[in-house]
Every structure is written in structure tokens, then in C-alpha cells.
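Residue numbering for the sequence shown follows our numbering, beginning at -19 and increasing consecutively.
Bear in mind the hints are in silico, worked out from the structure with no lab data behind them.
By construction, the Cβ of each residue, glycine as well, lies at the ideal position given by its N, Cα and C atoms.
A hint or two may mislead.
What follows is a set of in silico ranges between Cβ atoms, one per label pair, in the way DEER data are often shown [what the hints assert, rightly or not]:
(1) Ala40 x Val92: 45 to 51 Å
(2) Arg116 x Asn73: 39 to 45 Å
(3) Phe6 x Ser71: 15 to 21 Å
(4) Ser71 x Ile17: 30 to 36 Å
(5) Trp4 x Lys52: 22 to 28 Å
(6) Ser50 x Asn73: 28 to 34 Å
(7) Phe85 x Phe6: 21 to 27 Å
(8) Ile27 x Leu(-2): 21 to 27 Å
(9) Gln35 x Val91: 17 to 23 Å
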Amino acid sequence: MRYINTNIKLSIIITSILLFAHAWFFQKGTIAICGAIIYLGALLYEIIGLIINSQKIKEAQDLQITKSKSVKITTLLEGILVVGSLVAIASGNDLFLIPGQIIWFGQIALVVLVGPIVEFFVGMPMTMTYGGWRVRKFQRRRRNK
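Build the full structure now, drawing on both the sequences and the hints.
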């Protein structure tokens, strides 16, 4: 799910990480919560990009998916942020418990919303499997006579 301009998402994630670092250094919980809310902005940007790309798929246009170093850096920083939030939730850290929950449940909401968004905008039937969203394949079953 990488979209046309990943620099915007990269800047949002870097801002979120800087706010988390500031909150950790000065022990400020409200700044950490602001960093988590800004990370939700990155997830919202990803949903908007998914909607734009799904409309392009429906219209059979060519998708311009960037494959650059910024995509790798964005993925790495996002992974660090999500895993760090899970560690904060598991350890019961008072400072990062609520921001960790915001990040983790926002990520879960994104995974849940991807399938219905693609199904609605593209018209492709989707089903949730253990590995994520897949295109639903209708198979005819043989009847025993």
C-alpha cells in the first residue's frame, strides 16, 4: 500500500517520532498523546491514498507506485513506532500506555478497513484470511448424487 507521494507520510511519521522522543526525554504524557494522534494522521493519509488508488484501478488507469529509499525509511520508522507501542502496552509503561494503545488500535483499524474500502470502490469481492485481505474466489462445489 505505497502511494504516489510517500514524502508526506514520511514527514508525518518523523514528526510523530520526534514528539515521542521529546515526551520520553521530558516525561510529558500529553506530548506523547499528541505524537500518537499525529501518527493517526499518517494512517488517514494512507486510507486516502488507498481510496485514490482504488478509484484508479476501477478506471483502469496506470498506478504510479514509487519504489525509492523514502519508502524503505518510512516502512522502517513505522515498524519501529508500531512495535515500540506494542512494547509500551505490554510493559504497562504509564507514560506511553495510552499513546501505544492509540497507535496499535489505529493500525488494527487500518487493517480492518482496507478490505471494505477496496471492495466498495473497486467492486472486487474481498475476504479476510489469516494472511490478510485476499480476493474472494467463488468455487463451484460438486454435489454428490
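- Could you check the structure against the hints above and give me the numbers of any it violates, in ascending order? 1, 4
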